[in-house]
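Protein sequences appear in the order of chains A and B.
Heads up: the first sequence is residues 18 to 410, going by my numbering.
Heads up: the second sequence is residues 18 to 410, going by my numbering.
Treat the hints with care, as some may be off.
[To be verified] With a straight-line Cα cutoff of 20 Å, these simulated SDA-like cross-link-like pairs (lysine to any residue) come out:
1. 253/B x 257/A
2. 152/B x 187/A
3. 69/B x 285/B
4. 253/A x 254/B
5. 152/A x 235/B
6. 253/B x 372/A
7. 152/A x 232/B
8. 253/A x 257/B
9. 253/B x 382/A
10. 122/A x 103/A
11. 253/A x 260/B
12. 143/A x 205/A
13. 152/B x 50/A
14. 253/A x 246/B
15. 62/B x 407/B
16. 253/A x 249/B
17. 253/B x 381/A
These aren't lab readings, by the way, just hints derived from the structure by calculation.
Predicted, not measured: the structure shown is a model, and the values here were computed from it.
Listed here are the chains, written in short residue letters.
There are 2 protein chains.
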Amino acid sequence: MWSRAGLQFFRRASCGAPQAGLLLDVDGVLVRGRSVVPAARRAFKRLQRPNKDFLFPVVFVTNAGSCHREQRANQLSELLHAQVRPEQVVLSYSPLTMMKSLHHKVVLVSGQGPIRDIAHRLGFDKIVTIDDVRKHCPLLDAVAHDPRPAQSQLQTLPKIQGVLLFGEPTHWESHLQIMIDVILTNGSPGSAHLPPGSAPQLPIIVCNPDLLWKSPAPSPRFGHGVFVLCLESVFKRLTGAELQIEALLGKPSLLTYRYAEHLLTSQMTSSARLRTIYAIGDNPLTDVYGANLYDRFLKHNAVTAATASRRVSVATGEAVSMATGGVPEEEEGLVSGADECHSVLVCTGVFDPASPPPPDQWAGLEAELLQPRHTVEDVEEAVELILQREGLE
Amino acid sequence: MWSRAGLQFFRRASCGAPQAGLLLDVDGVLVRGRSVVPAARRAFKRLQRPNKDFLFPVVFVTNAGSCHREQRANQLSELLHAQVRPEQVVLSYSPLTMMKSLHHKVVLVSGQGPIRDIAHRLGFDKIVTIDDVRKHCPLLDAVAHDPRPAQSQLQTLPKIQGVLLFGEPTHWESHLQIMIDVILTNGSPGSAHLPPGSAPQLPIIVCNPDLLWKSPAPSPRFGHGVFVLCLESVFKRLTGAELQIEALLGKPSLLTYRYAEHLLTSQMTSSARLRTIYAIGDNPLTDVYGANLYDRFLKHNAVTAATASRRVSVATGEAVSMATGGVPEEEEGLVSGADECHSVLVCTGVFDPASPPPPDQWAGLEAELLQPRHTVEDVEEAVELILQREGLE
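Could you put the whole structure together from the sequences, leaning on the hints where they help?
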């Protein structure tokens with residue numbers, strides 16, 4: 018058996034095909050609102066061969082989740098003057114495709130965009146929207162004095178068995194009220210709230226827990242995490258208990274990085290091996306934290322499993338245990354083969370070196386994992402660094 | 018000088034004119050949603066003489082705040098088959114009429130209904146709405162992917178000097194984002210957020226802190242308090258600090274009861290004297306708490322000032338100190354003359370004897386003040402009790 022030092026030497030010696038892969042965050046790194054970050058176009062010129070092929074496997078990992086992968090790939094291709102395929106895009110909800118035991122449960126979905134269709138394509142076949150509930154239980158949504166009409170595609174309202182939060186909705190007052198009703202009635206929002214603790218809580222899955230994102234506005238804007246924070250605060254105030262969130266998907270969830278690595282590997286030729294993942298992002302709380310968490314996972318994995326197959330149950334990811342009613346411990350067969358994952362923080366987005374976020378935003382996070390391996394000005398400087406480290410400059 | 022016991026005797030002996038006054042909550046006591054509580058019509062038959070005059074001075078005290086007093090008086094007249102005058106109505110915002118030093122500051126107002134006009138009638142002359150900010154700073158409100166058009170009546174956006182929350186708005190995502198921007202920029206939401214603690218926080222005045230209200234829905238619905246809870250939670254998460262609320266108006270605020278007593282007294286003949294106030298409500302957290310707090314105030318007042326004029330500075334009310342930039346300590350000249358205030362809890366609204374609210378909803382409240390002096394089934398039983406106690410049955 019090879020020693021770890023010997024293996025490193027062996028890997029560095031086997032040159033030729035790329036041994037690195039890039040995970041690229043989108044908002045705050047490549048675009049801000051609808052504008053491209055100027056450094057991104059320059060970075061992409063460096064990253065592509067004259068025939069537009071990428072020098073490295075590249076996957077775009079974004080916590081956005083209000084559109085289909087194909088749309089996002091087309092948008093990125095246009096904005097970056099590059100050829101981005103849908104298989105290079107991981108959206109916050111993408112790992113739901115693997116949670117098959119939830120697919121036949123009745124789920125309440127929330128967010129903006131074609132969420133019913135997105136849920137359907139992920140494999141869900143019994144989908145209820147907030148508007149379905151509003152239509153079937155018209156007394157519930159009572160904050161607006163002049164309520165807007167609701168529409169439902171359902172003949173009857175089935176008992177809801179789980180809640181999927183794809184992204185930030187509009188009309189938070191309606192969403193907060195109806196989600197609280199669904200949770201406190203154990204899925205039958207047309208009936209009265211049950212006494213606290215009388216039934217196990219429905220599983221709730223949250224995609225994209227980003228608190229803030231960087232737009233062209235002078236200060237960062239609210240993301241889905243602010244909506245989830247409101248939901249948690251209201252639940253806590255009304256019941257005295259903590260809202261149980263069964264799974265957080267999207268960065269910094271481990272499962273999102275494992276899925277992204279899987280997509281990086283599938284871009285490589287069969288002889289090549291992915292050694293180093295560079296994860297470039299603008300948000301210490303999601304991009305840096307997630308990359309460092311994954312780095313720890315890869316190294317722990319390496320020490321325990323040495324060079325044997327690193328096939329690990331998806332259910333061991335920190336964010337996919339579904340103990341109280343969702344996903345059983347499934348073996349999904351994702352292979353984690355890389356040695357390490359470098360976090361690279363850029364300063365074109367949420368992170369402002371002059372005013373780091375106050376410690377309250379770190380609640381529950383390990384401070385050590387918030388420190389980036391590399392900090393650079395923008396994505397162009399990040400690409401330069403990677404080219405240099407990988408001996409391509 | 019009379020002893021206290023002697024005074025009580027003297028007052029009880031001077032019969033004839035009524036010595037009691039009624040403060041009536043509306044939602045959950047008289048109406049539920051748009052329907053009259055059946056017991057209310059019967060109660061009002063008992064309360065009125067054949068010529069429709071009330072047996073006692075009556076004031077309707079509601080935490081609603083999205084309409085004018087006149088409208089509310091007309092609605093109540095129609096629903097209860099009674100003659101209710103605007104001077105018998107206290108809405109949550111009514112005490113703002115006395116905070117004159119704020120009237121010439123630039124205030125951001127939020128809520129539903131004719132809030133600009135309401136603010137204007139209260140005495141404010143520099144009014145900014147959330148829509149004014151959205152129009153002048155179009156990058157701020159970025160949660161909705163398809164933003165709705167904003168309208169502004171202002172040529173330019175002045176620097177905002179205070180925030181008045183009249184009641185629950187719609188589009189909470191826009192209101193939360195823009196209020197946070199206004200607060201963190203010290204009134205200039207078009208500029209970047211200032212570092213936390215670099216400027217004193219703008220004064221924020223909250224009307225109607227009710228968390229829940231009873232509608233025809235099977236469980237209580239969100240009130241303005243839920244919106245304020247979300248604002249506080251988001252502010253805390255983003256800054257690490259507590260949001261400072263300068264004044265809470267509406268029940269259980271002492272000032273609201275003092276203003277209501279003033280209106281009761283003005284309904285009495287000059288020879289009569291108001292001795293006992295009965296405050297009938299459905300919500301322990303506002304109606305009972307507020308009435309008991311006022312009872313304590315009246316008794317404390319009686320002990321310290323004996324029978325002398327009970328003229329007390331408005332600024333001594335627990336909810337009207339405006340130390341950091343709002344109202345100076347004004348002498349408004351309200352006279353508190355009653356001996357006591359009885360809290361009467363009815364079971365037709367929010368309060369359900371079978372499932373009292375969890376202790377978390379009491380955060381910061383004194384448990385002793387949550388205990389009603391009398392608990393009855395409905396407002397008819399409350400009126401019977403009062404007639405009996407006052408020797409009119």
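Structure-based check of all given hints:
1. A hinted pair counts as satisfied when its Cα atoms are at most 20 Å apart, and residue 253/B with residue 257/A qualifies at roughly 19 Å.
2. Between residue 152/B and residue 187/A the CA atoms are separated by roughly 18 Å; this keeps the pair inside 20 Å, and the hint holds.
3. Taking the CA atoms of residue 69/B and residue 285/B, the gap is near 16 Å; set against the 20 Å cutoff, the hint holds.
4. Between the alpha carbons of residue 253/A and residue 254/B the distance comes to roughly 15 Å, so the proposed pair stays at or under 20 Å and holds.
5. Restraint check for residue 152/A and residue 235/B: the C-alpha separation of about 16 Å stays at or below 20 Å, so the hint holds.
6. The hinted pair formed by residue 253/B and residue 372/A meets the criterion: a straight-line CA distance of about 17 Å does not exceed 20 Å.
7. Using a Cα cut-off of 20 Å, the hinted pair residue 152/A and residue 232/B holds, with the two alpha carbons roughly 17 Å apart.
8. About 19 Å separates the Cα atoms of residue 253/A and residue 257/B, which keeps this hinted pair within 20 Å; it holds.
9. Of the supplied pair hints, the one linking residue 253/B and residue 382/A holds, its CA atoms being roughly 17 Å apart against a limit of 20 Å.
10. Taking the CA atoms of residue 122/A and residue 103/A, the gap is about 27 Å. The hint is violated against a cut of 20 Å.
11. Proposed proximity of residue 253/A and residue 260/B is supported: the alpha carbons are some 18 Å apart, at most 20 Å.
12. For the hint pairing residue 143/A with residue 205/A, the CA-to-CA distance comes to about 15 Å; that is within 20 Å, so the pair holds.
13. For the hint linking residue 152/B to residue 50/A, the alpha-carbon distance of about 18 Å falls within 20 Å, and the restraint holds.
14. For a cut-off of 20 Å, the pair hint linking residue 253/A to residue 246/B stands: about 11 Å separates their Cα positions.
15. The straight-line distance between the Cα atoms of residue 62/B and residue 407/B is roughly 17 Å, inside the 20 Å bound, and the hint therefore holds.
16. Taken as a hint, the residue 253/A and residue 249/B pair is honoured in the structure, with Cα atoms around 14 Å apart against an allowance of 20 Å.
17. Taking the CA atoms of residue 253/B and residue 381/A, the gap is near 15 Å; set against the 20 Å cutoff, the hint holds.
Of the hints listed earlier, the one the structure fails to meet is number 10.
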